[in-house]
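S.K.: Here are the chains, one letter per residue:
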Amino acid sequence: MATKKKSEEHIIEINNLKKTYYTGDVETPVLRGLDLKVKDGEFIAIMGPSGSGKSTLMHIMGFLDKPTGGSYHFEGVDVSELSDDDLALVRRERIGFVFQAFFLLPRATVIENVMLPLLYQKHSHGHDMAKKALDSVGLSHRLDYLPTSLSGGEKQRTAIARALINAPSVIFADEPTGNLDSKSGKQVMNIFQKLNEKGHTIILVTHEKTTAQHAERIIHIRDGLIESEEKVKGRINYSDGDELLK
Amino acid sequence: MNRIIKFVRIAFVSLTENKTQAFLTMLGIIIGIAAVIMVLSIGRGAEKLILSSVESFGNRSIFVQPGGGEQGGPPSPTAIDKVKYRDYLAMQDLDYLEDVAPILVYSVAITYGSQNQNTRVVGSNEYYLSALNSGVDEGRNISQNDLDLSRRVVLMGYKVADDLFADRDPIGQKIKINGKTFEVIGIMEEQGTRFFQDFDKRIVIPITTMRTQIFGVDYVMSVLANVKEGYPIEEAIDQTRFFIRKRHSIYNPQDDPLKDDFRVVSQVDAAQTFQGIADVLTYSLVVVAAISLLVGGIGIMNIMYVSVTERTREIGLRKAVGATAKDVMLQFLIEAIVITFVAGFIGISTGVGMSFLISLILTEFVDSWEFIITLESVLAAFFVSVSIGMIFGVYPARKASRMDPIEALRLE
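First to last, the protein sequences are chains A and B. Each residue of the first sequence is one higher than the last, beginning at 1 in our numbering. Each residue of the second sequence is one higher than the last, beginning at 1001 in our numbering.
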């Protein structure tokens, strides 16, 4: 796997990607030969109505699922043929996930939740790393809280810290603001932008126009194919003077 | 390795978080393990008791008992009168035997002043005590004269004497046995419990007196004898068998023990019989306990299976952050093992505690009962409980490990 560097190199290169689900004799094509390139360090938003295949695309790009056709190069390596264990290894070392429903372990404290990915790798400074990650999302005062005592925004920021802990190349965010009020949503999107500035590639899946406006580029998907893509004009950017996090 | 330690820690934490549920999950294993420990402890205690009973008799002693068959143990009720008093008299003339003592036991009421009690009286002769490797503590033994004259004299176990006379000197006291007056001539040395009977609560009178005045029968319950030094015990048993067979006019050239109406056994045979009975009891109880462990294991499998379904999302998340199927499998397997390990620990503690209580109660009835817990039984219990965790944890853990992360995360 290539080392991470900010460059014009494509971190993700997808050609003619297909995914078909089989239920008995019924074939359900979800992705029908889709091409997509994502540059290292880019911030893209994938938009589309439900059933368009945007989640499936994200799952395949995030190594949670395997394509049934086409090719997928990640950091220059063809990964379409990897075994389940290899996929787990890539997820562990290269990928961070943020989900709409947070998916925090209810009985583990904030810092324990953030440290969860480290359970599956060798790390001796897990606690310090988790503190640092929580610090970067402005939650260093909540280390020993249980998720149930956090607000929605705090929960999602904990989930972001968890996605950050293994210093991933790419962070996938699936409707990260879907369960949040607008103020918390802004905070979360602000964090994603800051992470992007630090060099993380961010791939956001959403159906909200405003949320997508935080990205650099929007990909519109319909019926398993890319319908259109656009450079974001008038990108929403909090980095100038917004003090929401402080 | 590091990961395994972390998984063990996680499992312990989740156990303590839901104590009631964890306890109910473990209950089957706890009961099963406690039962195994108790059964093994009592089995060992019984074994020890039998061995000490054997040692209390001379190892040259043989018995003639009524009833055919290979083994010792109690004769069938229909055969009880087959060994006759005159068989005993005739055995006195066998030159390879010595200290030939008849035994006839009967339940009687004894009275001293206003005190009454029921006890077992043994009719025998002057060799009774030496055959039991015992002797007279105070006073004198039964004599040939007592036998010849059918005197009303009685030897007492020290417990009977203590009960009746308290601090008074028992020798020379007069008691009534079934209404007839007897003189106490001696107190027997402590004999303890042998084959589950407290010999110190018995009294002994001359068999001639017994037959003429207390219990008029022509048979005896057994004849005890010692084989003379230098004469092979097996040979003595065979010779005695031929001798009695001839007296009973039994034609048995095939030497089939079932054709005989009596049997000649050595002390070792008798012990083996009791040992055999104790073993069968122990093992059948272990089997029952094992079934309870099996049920407990299935209970754990059931709970784990439900827990896997409940924790679908957690499993999906773990996979999303990089857990392999093996990691997930390991986590759930370790959880099951930790549950059964803790259950095993509680079960062993409970079992040891219960065994101790039971031994306290048994000591009330059987003086020489010993409380025994062997290291092997504790280790075996731990091994069994951990194995149950492994065996019954595999199925739910496999289910968890095969879960598709997308499906798992899709559930809202």
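One or more of the hints may lead you astray.
What the hints assert, rightly or not - Restraint-style ranges between C-beta atoms, simulated for each label pair:
#1 B:I1005 <-> A:D86: 22 to 28 angstroms
#2 A:K194 <-> B:R1410: 42 to 48 angstroms
#3 A:G234 <-> B:Q1021: 52 to 58 angstroms
#4 B:S1387 <-> A:E216: 54 to 60 angstroms
#5 A:Y21 <-> B:S1387: 38 to 44 angstroms
#6 A:Q121 <-> B:A1290: 40 to 46 angstroms
#7 A:D78 <-> B:F1012: 15 to 21 angstroms
#8 A:A101 <-> B:Q1021: 46 to 52 angstroms
#9 A:K209 <-> B:R1410: 23 to 29 angstroms
#10 B:R1009 <-> A:T148: 18 to 24 angstroms
#11 A:N179 <-> B:S1387: 40 to 46 angstroms
#12 A:L146 <-> B:I1005: 41 to 47 angstroms
Bear in mind the hints are in silico, worked out from the structure with no lab data behind them. Yeah, the Cβ is synthetic: ideal placement off N, Cα and C, and Gly gets one too.
S.K.: Take the hints in turn and mark each one as holding or not.
M.R.: For each hint, the structure was consulted:
1. B:I1005 <-> A:D86: 22 to 28 angstroms: 26 angstroms, holds
2. A:K194 <-> B:R1410: 42 to 48 angstroms: Check failed, 29 angstroms falls outside 42 to 48 angstroms.
3. A:G234 <-> B:Q1021: 52 to 58 angstroms: Holds: the Cβ-Cβ distance is about 55 angstroms, inside 52 to 58 angstroms.
4. B:S1387 <-> A:E216: 54 to 60 angstroms: 58 angstroms, holds
5. A:Y21 <-> B:S1387: 38 to 44 angstroms: 41 angstroms, holds
6. A:Q121 <-> B:A1290: 40 to 46 angstroms: 42 angstroms, holds
7. A:D78 <-> B:F1012: 15 to 21 angstroms: Between D78 (chain A) and F1012 (chain B), where Cβ atoms are some 43 angstroms apart, the hint is violated.
8. A:A101 <-> B:Q1021: 46 to 52 angstroms: Given range 46 to 52 angstroms: violated, Cβ gap about 25 angstroms.
9. A:K209 <-> B:R1410: 23 to 29 angstroms: 24 angstroms, holds
10. B:R1009 <-> A:T148: 18 to 24 angstroms: 22 angstroms, holds
11. A:N179 <-> B:S1387: 40 to 46 angstroms: 45 angstroms, holds
12. A:L146 <-> B:I1005: 41 to 47 angstroms: Violated, since L146 (chain A) and I1005 (chain B) (Cβ atoms, about 24 angstroms apart) do not stay within the stated range.
Checked against the numbered hints given earlier, this structure breaks hints 2, 7, 8, 12; the rest are met.
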